[in-house]
Structures are given as C-alpha cells and as structure tokens.
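Chemist: As a plain string of letters, each chain reads:
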Amino acid sequence: MVKVLVYPANSLILADLVERFGHEPLSVQQEIREKISAPGLDSPPLNITPDDPKIGLRYAAVEVPSGVRGRMALLGPLIEEAEAAVVVHDPDPTFGCMGCARTNELVNFLIRARKIPLLELKYPSTEDDARDFVVRVAEFLKSLENGK
Amino acid sequence: MKSDLDGVVTKLIILSSKRIMPGELLSKIYSLKKDLIVKETCFGAEVSGKKEDVEDALREARSLDPYGVFVKERGFLPGDPRRCRATRAGARPGFHQIELEVKRLPLIAKALSEYERGALEMRREEGEELNLNAGRFKEIIEDTLKDMSV
Numbered sequence: 001m002v003k004v005l006v007y008p009a010n011s012l013i014l015a016d017l018v019e020r021f022g023h024e025p026l027s028v029q030q031e032i033r034e035k036i037s038a039p040g041l042d043s044p045p046l047n048i049t050p051d052d053p054k055i056g057l058r059y060a061a062v063e064v065p066s067g068v069r070g071r072m073a074l075l076g077p078l079i080e081e082a083e084a085a086v087v088v089h090d091p092d093p094t095f096g097c098m099g100c101a102r103t104n105e106l107v108n109f110l111i112r113a114r115k116i117p118l119l120e121l122k123y124p125s126t127e128d129d130a131r132d133f134v135v136r137v138a139e140f141l142k143s144l145e146n147g148k
Numbered sequence: 149m150k151s152d153l154d155g156v157v158t159k160l161i162i163l164s165s166k167r168i169m170p171g172e173l174l175s176k177i178y179s180l181k182k183d184l185i186v187k188e189t190c191f192g193a194e195v196s197g198k199k200e201d202v203e204d205a206l207r208e209a210r211s212l213d214p215y216g217v218f219v220k221e222r223g224f225l226p227g228d229p230r231r232c233r234a235t236r237a238g239a240r241p242g243f244h245q246i247e248l249e250v251k252r253l254p255l256i257a258k259a260l261s262e263y264e265r266g267a268l269e270m271r272r273e274e275g276e277e278l279n280l281n282a283g284r285f286k287e288i289i290e291d292t293l294k295d296m297s298v
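Here the protein sequences come in this chain order: A and B. The numbering of the first sequence is this note's numbering, which starts it at 1 and goes up by one. The numbering of the second sequence is this note's numbering, which starts it at 149 and goes up by one.
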C-alpha cells in the first residue's frame, strides 16, 4: 500500500479511486481531523496553534500572504509524507483568490520537486474522457503496486 | 495529547446510484449493529466511529452498488456546529468541491464498471483524436436510451 497524495486535496473522486485500488489517499481532511482532535482548538482552521505558522514558514517566506502559509501548514506535511501523487489540473474551485491560486501553484511545484511518481489529469466532461480518466488512474495505481 | 476523538474517523458516503437511496444505505449500516454515528443526508450518509467499524460499514455500503457508492474522509464529526449548515450561514466548506465532482460521478461510475468488466483495455494517448465512427456513435445512443429507460 502506497500513500498517494490527491490534488485537489479534498477531491472525492480521486480519494475514492485511490482507496478502491488498494492504496491510502492523503487528503487535507486527515490533517483537519488531527487538528480538531487535539484539545485547545475551538474552530480550526480559523484557529491555529503556535506551531502552525512555523510549519508554514518551511514552505513559504514571511512576505507571502498569511493565508498561503496557513494552508501550507496543512498541505506541506502531506506532500512530505506522499510516496506518489495524482493531480487534477485547473478544477474550478481552485480558481482565483477565493481558491487560493498561489497556494495551489506552490503545492504543484512542491509535488514536482519531490520527484515522486506523478499522474496529471483533467476532470472528465464526456463519457470517453471518463473512461480515459479511470484507466489512467487505475494503471498508475497498479504500477505503484508493482513498484515500477 | 490524547482526546476522546483519537482513533475516530468520519467518512462521507456519496451515492450516484440508480439502485439505492440513502434510506436503504442507512438500513444496511444499522443492520451491522456497530457502534457508529450515522447521519442520513440528501447525498448519502455520514458515518463516524472506530476505524475498523467504519471500514466494515463502507464494505457493506459498497456491496449494495460497487460502482455507485463513493467515499471520502471528513475531518469533522457529523453535525459538528463548526461545520453544520444548521448553525452557520452559507455553504459548508468543502461543498463546492463535492458539487463539482457529483456531476461527474455517473460518468466515473460507468467507466469504473466497464473497467472492472475488462471492457477498457486500451487508453487513448495524450492528444490523440477521438475516433468516433458511425458504429460507435450508434452504440452511445443505444447506451443512453438504455440508461434513460432504467
């Protein structure tokens, strides 16, 4: 079983496919669960622990908007833990400042910098695209099993 | 530091199925008699409890419709006031991602069933033109009509 980072980090389709093909998906909800199960946080991710900014600073400089560093405090450790990654490019919710596009660029850069097995896709919009999407993900995940 | 929530996982079960409704899914999960918090939602269910119990429940849920049941993790417990829409304004964080993907679930479900049956062996190469001849076009129309009549 390989730890596979999914991007978007809260993707239902990718997390389901990774689990279905026998691997462990790494998604942001796991990090949130860790945070809320620790006493002392009332409303994460609006509340943060004193350690979170320090974790964020490992990935983004102090001049970078605090929102990017806050998000990286959640996403950074997942990227470090990942042994492979499945990335879907340009999903609508990641567009613009509301989707924190800069964090998304940084996450994609850091995934590539890790040089782990990486599959890059686009969301399917037709039946043929969906077939292609499923086959690519399945083949990629099976190749991880075989250690190719 | 340990808390009561240690070892507790919460999963969202999202249905894209013509065979089962959220009510039937809940009946199946309740019939397992596990120590779980289960909440019925319009899209499926939220299940929370010890990891092994949740995994059993998911296995049973998938057995109802292997390609129509999709699962992802949730950080917060079901009905947590920090996330529940009953106690806060606007869409729940994470809703937009689910909304985006739910539209594509029927496509993924169909592709998954074809893949498991071995109908999909070759994948299209990047940039390759889609070869949609008259025969394939007829097949798509027949598939669509069959789906509509179910």
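Since the hints were derived computationally from the structure, they do not count as laboratory data. Be aware that one or more of the hints could be misleading.
Stated by the list, open to error - Think about it this way: if two alpha-carbon atoms lie no more than 27 Å apart in a straight line, the pair counts; the simulated DSS-like pairs of lysine-lysine are:
no., chain 1, residue 1, chain 2, residue 2
1, A, K122, B, K251
2, B, K166, B, K181
3, B, K258, B, K286
4, B, K294, B, K166
5, B, K198, B, K187
6, A, K35, B, K199
7, B, K198, A, K3
8, B, K286, B, K166
9, A, K142, B, K294
10, A, K35, B, K166
11, B, K258, A, K142
12, B, K198, B, K181
13, B, K187, A, K122
14, B, K251, B, K176
15, B, K187, A, K35
16, B, K199, A, K3
17, A, K3, A, K142
What the hints assert, rightly or not - Estimated spans, in silico, between C-beta atoms of each pair:
no., chain 1, residue 1, chain 2, residue 2, range
18, B, E200, A, S125, 33 to 41 Å
19, A, E63, B, I289, 32 to 40 Å
20, B, R233, A, S66, 25 to 33 Å
21, B, R240, A, E34, 17 to 25 Å
22, A, V64, B, E208, 29 to 37 Å
23, A, E80, B, G238, 42 to 50 Å
24, A, D92, B, K286, 27 to 35 Å
25, B, C232, A, P39, 43 to 51 Å
26, A, E63, B, N281, 53 to 61 Å
As the list claims (entries may be wrong) - Derived list of chain A stretches under chain B, where covered just means 3 residues or more per stretch with a C-beta under 8 Å from a C-beta of chain B:
no., segment
27, 2-12
28, 52-63
29, 72-82
30, 122-129
31, 133-145
Backbone N, C-alpha and C fix where the C-beta goes; we use that ideal spot for every residue, glycine too.
Chemist: To test your reading of the hints: which numbers does this structure violate?
Modeler: Hints 9, 10, 13, 19, 22, 23, 25, 28, 29 are the ones this structure does not satisfy, whereas the remaining hints hold.
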